[in-house]
Amino acid sequence: MSTLLYSVTMSLDGFIAGPGGDMAWLTEHLAPNPLVEELISEVGALLVGNRTFRGSDPYEGMEGEGEAFGGGWSGPQFVVTHNPPAKSPPGHTFVSDFDEAVALAKEAAGGSYVNVLGADIARQCVEAGVLDEILVSLAPVMLGDGVRLFERRGGAPVRLERLAQSEMPHPTTVRLRVVR
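Residues 2 to 181 in my numbering are what the sequence shown spells out, letter by letter.
Simulated from the structure, these hints should not be mistaken for lab results.
Be aware that a few hints might be false.
Each pair of labels, with its calculated beta carbon distance range [unchecked claim]:
#1 P20 - L139: 30 to 38 Å
#2 V159 - G112: 22 to 30 Å
#3 N84 - P20: 16 to 24 Å
#4 D23 - N84: 15 to 23 Å
#5 P91 - R160: 33 to 41 Å
#6 V180 - G15: 15 to 23 Å
#7 A104 - P20: 28 to 36 Å
#8 G145 - D100: 29 to 37 Å
It should be emphasised that the depicted structure is a prediction, and the values quoted were computed from it without experimental measurement.
Don't be surprised by glycine CBs; every beta carbon is placed ideally from N, CA and C.
When you get a sec, could you build the whole thing from the sequences and use the hints?
Have a look at this one:
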């Protein structure tokens, strides 16, 4: 059975994107990270939120622009949206139903990780009880505003268990399991 993993880089003040979903802030923090690289090699499919799919690219103007993880991964991507584009990019499937998108991504992953990209789709995964793990890299910056890691007003606490943690010289990265 495939594991749903939300992977993300976050500012010290809890934002994963700047105002308007801007990802340009992340560019200077893109560096080799063994914990992240190991996990990327185990990803079988992506489950992507619409805002993330249509958002800015931290690899803009660089090699790997427009590709998942800057070209470090390729495979099937399932985008949850009620407004699919007229023409689908290769490897992308647009799905309007959240449960269907999760099922399709898990099937495509074939027992490997389904990597969740996007704060809102990650929130939906938590609320549906299908998120299994979280991998957070902490960037040494405070953005002050933007898209929060998790936005769950009135939500119940979610218990997490630390599975792994990286240390310097790489950005601090923590891998957590959702405790059910």
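Exercise. Could one say that the CB atoms of A104 and P20 fall in the range 28 to 36 Å?
Worked result: holds (34 Å)
Exercise. Is the distance from the Cβ of V159 to the Cβ of G112 consistent with 22 to 30 Å?
Worked result: Once the Cβ atoms are compared, 25 Å apart, the range 22 to 30 Å for G112 and V159 holds.
For this session: Indicate whether the distance between the beta carbons of P20 and L139 respects the range 30 to 38 Å.
Result: For P20 and L139 the Cβ distance comes to about 20 Å; the hint is violated.
Problem set entry | Cβ distance range 29 to 37 Å for G145 and D100, holds or violated | The hinted range 29 to 37 Å holds for G145 and D100, with Cβ atoms some 36 Å apart.
Exercise. Range hint 16 to 24 Å: satisfied by the CB atoms of N84 and P20?
Worked result: holds (22 Å)
Problem set entry | 15 to 23 Å as the expected CB spacing between G15 and V180, which holds or is violated | holds (21 Å)
Problem set entry | Beta-carbon spacing of P91 to R160 - inside the hinted bounds 33 to 41 Å or not | holds (39 Å)
For this session: With 15 to 23 Å as the target window, see if D23 and N84 comply at their CB atoms.
Result: Given a distance of about 21 Å, which is inside 15 to 23 Å, the answer is holds.
Going down the numbered hints, you'll see the structure goes against just number 1.
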